[in-house]
Amino acid sequence: MEDLNNSINNIEMSVEQAIDFLRSYIERTKKTQTAVAGELGISSGALSSFLAGNYKTPHTIVPKVKNLAEVSEKKKITLSDPPFVETSVSVMVENAIKYSHLRGRISVVYGDAGIGKTQAFRHYLANNSLAIGITISPTYASITGVNELLAEQLGVRERVARKITNEIVTRLKDSGRVIIIDEAQHLTVRALNHIRCLADESGIGICLIGNEDVYSKLKGTGKADFAQLFSRIGMREPVSINNIKREDVQRVFQDADLPDDAVDILYKICHTNYGLRGAVNVFVNTAACFGSEITAATIARMMRQMNIGR
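Here the sequence shown stands for residues 393 to 702, numbered as in the numbering used here.
To be clear, the hints were calculated from the coordinates, so they are not data collected in a lab.
Heads up, some of the hints might be wrong.
[Unchecked claim] Straight-line alpha carbon distances no greater than 30 Å define the calculated DSSO-like cross-link-like pairs of lysine-lysine that follow:
(1) K490 - K458
(2) K490 - K448
(3) K458 - K423
(4) K637 - K565
(5) K456 - K422
(6) K555 - K456
(7) K565 - K555
(8) K458 - K422
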């Protein structure tokens, strides 16, 4: 296999090497011959004939196989998103979740997008079996949507709205659980009040994570009908791009062993509207295009290609 990999970087690829690569590629990726033929831009019949050694003009297919092999090798070395590491923002998010979990109160984390709130949410879920996590989209912004998501997590089979709510409360009461709601800005005010009632009746904590809109909805306009909802907030944690430190960027990209000037550029991206997510996207795309040659120059070049100003 090593000889085959080496051959990919050579100018020429023989028919035998092309056939060997395709057989190995099909076995490794578990793709059908039809799918691979599509990647090569030929018919499945032509691919079958080529693999069998019966294709009349194999030299026309070899360049296509070589190109596929080169792309395949680049994908192998292309870095995926860096694994989760603790950052200043993730600590703030997880502290709010822990507060809700231990105290049985409502907390809200709100602020800029793309700074790692969702990653911290997922990390807490992955490491705490008593945590329940749901993500709100506009489709699930209502009381019915919230109940559907919670019912799925808790295994509730009821179909009548009131019975669903009662069963959710029953399963949550004295359970020691915490509910974490990501993208909470999509929730309607009625749904937020419903969540407050679930917290009151079950005695468990709930952490709401979202942008500035979720806190604005909770705060309302100072009217009395919002007071009961707002008064339930035991902890609020505003987070922003300003909370991202250079040390955070170093930790996120520590496995790449980047030079200081490259870290500096990624840090600057974090303090734009693109946030940490933007820095990760630039880094991954740089790795995809330039392989292991990730420097300040190649990162800056990728930023220009992605229309991200420095």
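Going through the hints against the structure:
Straight-line distance between C-alpha atoms of K490 and K458 comes to about 53 Å, which puts the hinted pair past the 30 Å bound. For the hint linking K490 to K448, the alpha-carbon distance of about 67 Å lies beyond 30 Å, and the restraint is violated. Between K458 and K423 the CA atoms are separated by roughly 18 Å; this keeps the pair inside 30 Å, and the hint holds. For the given pair, K637 sits about 40 Å from K565 by alpha-carbon distance, which is inconsistent with the 30 Å threshold.
For the proposed pair K456 and K422, the alpha carbon gap of about 20 Å is at most 30 Å, so the pair holds. At most 30 Å may separate the alpha-carbon atoms for a hinted pair to count; K555 and K456 exceed this at roughly 60 Å. Distance restraint check for K565 and K555: the Cα-Cα separation of roughly 15 Å lies within the 30 Å cut-off, and the hinted pair is therefore satisfied. In summary, the hint linking K458 to K422 is supported, as the alpha carbons are separated by about 19 Å, within the 30 Å threshold.
When the structure is compared with the earlier hints, violations turn up for hints 1, 2, 4 and 6 and for no others.
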